[in-house]
Amino acid sequence: MHHATIDRWSRGQSAIHRLDARAKILSLLIVLIAVGTAPTAGIWRTGAGFGALAVASASLARLPLVGVFTRSLAVLPFSLTFAVIVYVTGDAYQASALLIKSYISASFVLLLVSTTPLPHLLRGLERLGFPAMLVLVIQYLYRYLFVVSREAQHMRTAAISRGFQRAGFRVAAGAVATLFARSYHRAEGIHRAMIARGFERHIPILAAERLRLSDGLLVLLTLGIAVIIRTGAMR
Amino acid sequence: MHIPDGFLSTPVWVALDVASLPAVGYVARRAGSKLEESRVPLLGVMGAFVFAAQMINFPVGAGTSGHLVGGALLSIALGPKAAIVVMTAILFVQALVFQDGGILALGANIMNMAVAGVLAGWLPYQLWGGGRFRSAAIVAAGTLSVLVSASLAVSELLVSGVSMSSSVLGLSFALFLVSALIEGFITLAVVKGIESINPSWIQKPATAAPAVRALTASSVVLAGVGVLFASGAPDGLEHLSEAIGIAGRQYTLLPTPLADYELEGVSSEWLRRAAAGLIGLALMFGLCRLLAKGIVNRRS
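As given, the protein sequences belong to chains A and B, one line each in that order.
Going letter by letter, the first sequence gives residues 1 to 235 in the working numbering.
Going letter by letter, the second sequence gives residues 1001 to 1300 in the working numbering.
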């Protein structure tokens, strides 16, 4: 599955994987702002510049290039729909700008999550001032996403094996309600187990949390490259 | 309707990030301090539940099927504060892991789906969920939740200068209305199902004063009529979008006096407009708070 692959990539070994999550988040924001605020005029050159930067970063992180850049196509259902609408309305240039901007932005987000394990990423967000409660909820969500999804799949298999080839509306609603009940019970069990293990509203991670020189360099380098690409595209 | 990065113009995403991230932070802190600790894992697992529930298809006739969106269901089951936190967490995971929705556009998506969507789903249930019209209230909750989120997303795109013809707009509003109604009926069926397993999992709506009910009913009807008018008369919407935005990209977030006199002393054009819009929002908020205080004082 999609997330399992990203999870595996994020635990790789490279200079980029070793950087601090906070530095990578800031660099991502710099790139996203540079791409997002780029004027429609010269969008092809801006796109080419940041596309090259994305390819360079992905190969530096030793990520499979084809895999990363086909996964970024996940953004297309939305952007293609609206690009077609804009194109039909008569603005072909804006349509291409929307496609380029959304695709490039999505691939940089994918680069961040496939070079940083999600727990480290969330810890970085928390250190950057995100509400701890929200970060904790996201942690739980991500950890139990696959457990609950598998539960839903089991329920579907069980229904099919009992002859529900196409479930009716009421049956589907019953399935969702059952899933809700099981999730509720599971959450209670999880909480009891965590209390028993000495949980203190904080999931510890095994990573150094000191910013190093290389982290600062990454942010400065990203800023410099973004400015160069943007000014280069203006001319 | 997860808006990716690159679609919203800079003033729009900046303003919505500035508005919604602190709002969610505040709600999260309030929810965190008020809830017992055992609710924190519950919120996360409920987020996972919404993800998984979206894999279950509901046949809706004509060979098509829909699935749960979840904003209204969460606000009915967990209450609005917890639901806002859970929806925000879902949007984060969708944006980061599934490339569904952008990072800079996260504020916009949170505003549309987590804040406005949840509150729009909570309101009808809170007002009429206790009385004779309970089922209708739950259907209205699901419908309004999706309708409000989708309309906000389209307005943000329009204000950002994404050009859409009036016929496309009319068509998409018709589609939104259909999928919103589907969400309403799915929400009703699921709430009934959950209640048959354990009634205490569904929040009991508070009893509101008749005046408040009437006021809210009229505002909901007005909003509904507005949407119907927009979908029935796309030319009107086109005219509206001409007036508020696309032509020369002169737009106002609120038709207040602030819209006309842009803040002086701020150099950048869009910064002035965004600031004017934000101050307008803040003024409206303050006004509503004062009114609410007055009403409460008079009643007590």
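These are calculated hints, taken from the structure and not from any lab test.
For glycine and all other residues, C-beta sits at the position ideal for the given N, C-alpha and C.
Do not rely on the hints blindly, as some may be mistaken.
[Stated by the list, open to error] Which bits of chain A does chain B cover? Going by a derived footprint, with three or more residues having C-beta under 8 Å, they are:
(1) 55 to 66
(2) 129 to 143
[Claimed, not checked] To give an idea of the chain B side of the interface with chain A (calculated C-beta under 8 Å), a few residues:
(3) Val-1018
(4) Ala-1019
(5) Ala-1053
[Unchecked claim] Cβ-Cβ distance ranges computed for the label pairs, FRET-style:
(6) Arg-210/A <-> Ala-1174/B: 42 to 48 Å
(7) Trp-1201/B <-> Gly-224/A: 51 to 57 Å
(8) Pro-64/A <-> Phe-1133/B: 43 to 49 Å
(9) Ser-1166/B <-> Phe-164/A: 54 to 60 Å
(10) Ile-228/A <-> Ile-1295/B: 42 to 48 Å
(11) Ser-161/A <-> Ser-1167/B: 46 to 52 Å
(12) Gln-1054/B <-> Ala-158/A: 43 to 49 Å
(13) Glu-209/A <-> Leu-1283/B: 38 to 44 Å
(14) Gly-198/A <-> Tyr-1026/B: 27 to 33 Å
(15) Trp-44/A <-> Val-1018/B: 48 to 54 Å
In rising order, the numbers of the hints this structure does not comply with: Per hint list: 1, 3, 4, 6, 8, 9, 10, 12, 15 violated.
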